[in-house]
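2 protein chains.
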Amino acid sequence: MKKIFLLVFLVPIFSFAQTSDSAFIKAIADNILVSRMPYNNLHTLTKKIGGRLAGSPQMVKAEAWGYKALQEAGADKVIMQQCMVPHWVRGGKDMASVSYKSANGKTQTMQLNVLALGNSVGSGVKGVQAPLIRVNSFDELEKRKDEIKGKIVFYNVPFEETFVQTFQAYGKNVVYRAIGASRAAKYGAVAVLVRSMTHAMDNNPHTGALYYLDSIKQIPAAAVGLRDVEKLDTLFDNNMVLTAALFTYGNMLPDTIGHNIVGELTGTEFPNEVITVGGHLDSWDVNEGATDDGTGIVQTIEILRAFKALGYQPKHTMHFVLFANEENGTRGAKKYAEEAKANNEKHIFALESDAGGFTPRGFGFGVSDTVWNKIYTWRNLFEPYGGDGFVKGGGDADIDPLHEMFNTPVAGLRPDTQRYFDVHHAVSDVFEAVNIRELKLGAINMAALLYLVDKYGL
Amino acid sequence: MKKIFLLVFLVPIFSFAQTSDSAFIKAIADNILVSRMPYNNLHTLTKKIGGRLAGSPQMVKAEAWGYKALQEAGADKVIMQQCMVPHWVRGGKDMASVSYKSANGKTQTMQLNVLALGNSVGSGVKGVQAPLIRVNSFDELEKRKDEIKGKIVFYNVPFEETFVQTFQAYGKNVVYRAIGASRAAKYGAVAVLVRSMTHAMDNNPHTGALYYLDSIKQIPAAAVGLRDVEKLDTLFDNNMVLTAALFTYGNMLPDTIGHNIVGELTGTEFPNEVITVGGHLDSWDVNEGATDDGTGIVQTIEILRAFKALGYQPKHTMHFVLFANEENGTRGAKKYAEEAKANNEKHIFALESDAGGFTPRGFGFGVSDTVWNKIYTWRNLFEPYGGDGFVKGGGDADIDPLHEMFNTPVAGLRPDTQRYFDVHHAVSDVFEAVNIRELKLGAINMAALLYLVDKYGL
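Chains as they are written, first to last, in our numbering: chain A, 37 to 494; chain B, 37 to 494.
Take these hints with a grain of salt, some might be off.
Which copy is meant is left open, because identical chains are indistinguishable; a pair holds if it fits in one copy or across any two.
Said to hold, decoys possible - Calculated lysine-lysine pairs in the DSS-like style (CA-CA distance at most 30 Å, straight line):
| id | residue 1 | residue 2 |
| --- | --- | --- |
| 1 | Lys137 | Lys370 |
| 2 | Lys83 | Lys267 |
| 3 | Lys62 | Lys428 |
| 4 | Lys370 | Lys84 |
| 5 | Lys382 | Lys142 |
| 6 | Lys208 | Lys62 |
| 7 | Lys491 | Lys179 |
| 8 | Lys84 | Lys267 |
| 9 | Lys382 | Lys113 |
| 10 | Lys97 | Lys344 |
| 11 | Lys377 | Lys84 |
Calculated directly from the structure, the hints in this document are not laboratory data.
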């Protein structure tokens, strides 16, 4: 009888809370779905500013633009957090080719579509010419370590197509891009070519950060487009003896100055307790950085604009952060956590969007079981906007330092992943490949989550 | 006690069934995710054959291609069901302009990006010139019916942006395209312009079928691109007096011959009980018919191929149907139901994909409560492939006659809807706007549903 009484009593309260919350979330959605700001902001960032690697003039432009955009969206204040960032430049047009003797004894040469990996050393104008050896894994590299000396190693590790979630395929293969050069250099390789991390049907190479391991010789490294990979495979499968030539011009200049741009809505009740939302402002140099991570930036600014437009002033301080240098150093992320510590801020939650502006599926949460159980009760509120796929495990590169330093609960937006690796770090990451309504739905789900965390705490 | 016994007893059986089913569905997924056939088929259909309106030479080509594709995918037999289809031709390049006097008294003329609506009569080379009147609804048309005579009516009904599910916006507005011409002609309008059914940011007009109401004069009709709509709005809002000129050349020729192409896997246990899956082979003339409905066609063929590749012969007969003439007559759909009746087939389930090859969200079911309750228990099996969003209400134009005639349970694939109206019936509905992995995931979810219906019945 008591239980029944409690149920009768509790249900209406819960319903009221949910109704009130769903009404506010609907107001957010209605506001964002008719807003022209996301289109305009993404257009400016991609078409007027373009690719913006840490240290580049475009990144400086992007910082100034971001500062103004946060102000105009209604931030109580905007802070620039200065940090030192790596300054890698591509330095020229990357080129590669392979030569082999055809059946009639004539030498054939095939051009390859390549992009030097970020942070890599260049071959310079003299280039690197050497026999090309194909390996399909680090295991194979180890087995054949005596064959590697003086050669260019071609890592041909297929991007797994049967993983429905494409980030699994990336997670499995990215190590070849990240440290493949050093692993091969250890055995005397003079350069590496890496199969691009994609299942796109085009031939665009996909660049990305490489990290040289200490005390191993730094050698040039480039990603190869997939259709060219297929041609190479055919040659290898026919036992052709291949010589490759690679020309890259990468150069790591001294560290330079970059900034996180932080827009703030000051909390009315808990000004020293911070909720963070952000994306990263930098991108690779070869594209417009639309999906990676222009969309996260535009969503972050749009959420601020919508909160202000609806007259919503949070109880906790909210930081809308455009992070510096995610792509090849995550120095902005570290700086943000260090500043939080220096300012004695209490960071109660952080959310990042760095998986594209595709239609939202949900969030991944890096939180305790207690927090997870609380958040999970909000799930139905996200169903109308497609973001109710809550999974455990999450966060993102720019907010992980907060999580590590303060055990801050973190989450990453989970958009649909099918299109992400079509454009990731390739020339095809442009404005036209973004659907603005999908981007907006991501922002709506993110805003809803921030609102609920602010209202109910964690 | 008995209840507990039952639970203990039932759970393992259920788990075993689910495990076995999930394993088979995983096998389907693994097979389709690495298949090159969807890419190749969609490429051929869109790039080699192209737009294929009923009665067009391209549609004849598409039928021959579809017949062969179903054979090659492994159909036990392929049947061509002949039916008479409407034969509308565009007849020329649609053009429109508006003229008005600017502040300095000079006449300004602005070209509009237009497409004649399907089935509409043409103005011919003389065109139609008349004052342009803007109405925002049929209600406004009725209120201003005395102003309509001798004018061109411009239906400017905004495509609702706050509906998260974009088909709701289409459902609300499509009546203006379908019968707006007749409604205006009733009051003496000489032509109509209709705001395109889209929230795309480009200026492509979106055509689609118009139906003239009996005994009302048939007048020319065209869709206008959205950016031009905005310009017209500005002119109207500034009280400019506008004269429009419209040149269209549409012509409805006598009915001609078309065909449904039906690939069959003959049922091992219930050969006279039929499960249907399909899409429509026809498309509009102005694009490649990639999303509408090349993707549904390619999915249908791919499911057949995967079943054969896995050695799966269904218990019930399965029909893989490429329907004729969905766009401007649904004569193929009617023919298919008539043939089912004539052949005394029992149709136990029908599934259509005609909402694009976008990442799947689930299915809409037009089924009884009993069937719904059964199907709903399968839902978790779809979760790994994103298709677990089961909702009531569904079916599609090509399978609705089956539902009406035999009360056959029907379902439509529910892909994500955000991008659909960017390309729907516009020149932008091309191969490049389709992501093949998203298309494949749709096929995987569809194949899983067909498999479960075949195994467990409905």
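Hint check results:
For the identical chains of this complex, Lys137 and Lys370 are neighbours neither inside a copy (52 Å) nor across copies (62 Å), given an alpha-carbon limit of 30 Å. Taking the closest pair of Cα atoms, Lys83 and Lys267 come within 30 Å of each other only across two copies (24 Å); inside a single copy the shortest separation is 34 Å, beyond that limit. Both within a single protomer and between protomers do Lys62 and Lys428 lie at most 30 Å apart by alpha-carbon distance, with minima of 26 Å and 23 Å respectively. In this assembly of identical chains, the alpha carbons of Lys370 and Lys84 lie at most 30 Å apart only when taken from the same copy (29 Å versus 53 Å across copies).
In this assembly of identical chains, Lys382 and Lys142 lie within 30 Å of each other by CA distance neither inside one copy nor across copies; the values are 70 Å within and 66 Å between. Taking identical chains as interchangeable, the C-alpha atoms of Lys208 and Lys62 lie at most 30 Å apart only when they sit on different chains, with a minimum of 20 Å there against 39 Å within one chain. Taking the closest pair of Cα atoms, Lys491 and Lys179 never come within 30 Å of each other, the shortest separation being 57 Å inside a single copy and 48 Å across copies. Taking the shortest alpha-carbon separations for Lys84 and Lys267, only the inter-copy value of 25 Å comes in at or below 30 Å, while the best intra-copy value is 37 Å.
With identical chains, the CA atoms of Lys382 and Lys113 are at most 30 Å apart within one copy only, with a shortest distance of 19 Å there and 69 Å across copies. Taking CA atoms no more than 30 Å apart as the test, Lys97 paired with Lys344 passes inside one copy only; the shortest distance there is 25 Å, against 57 Å between copies. For a Cα distance limit of 30 Å, the shortest separation of Lys377 from Lys84 qualifies neither inside one copy, at 36 Å, nor across copies, at 62 Å.
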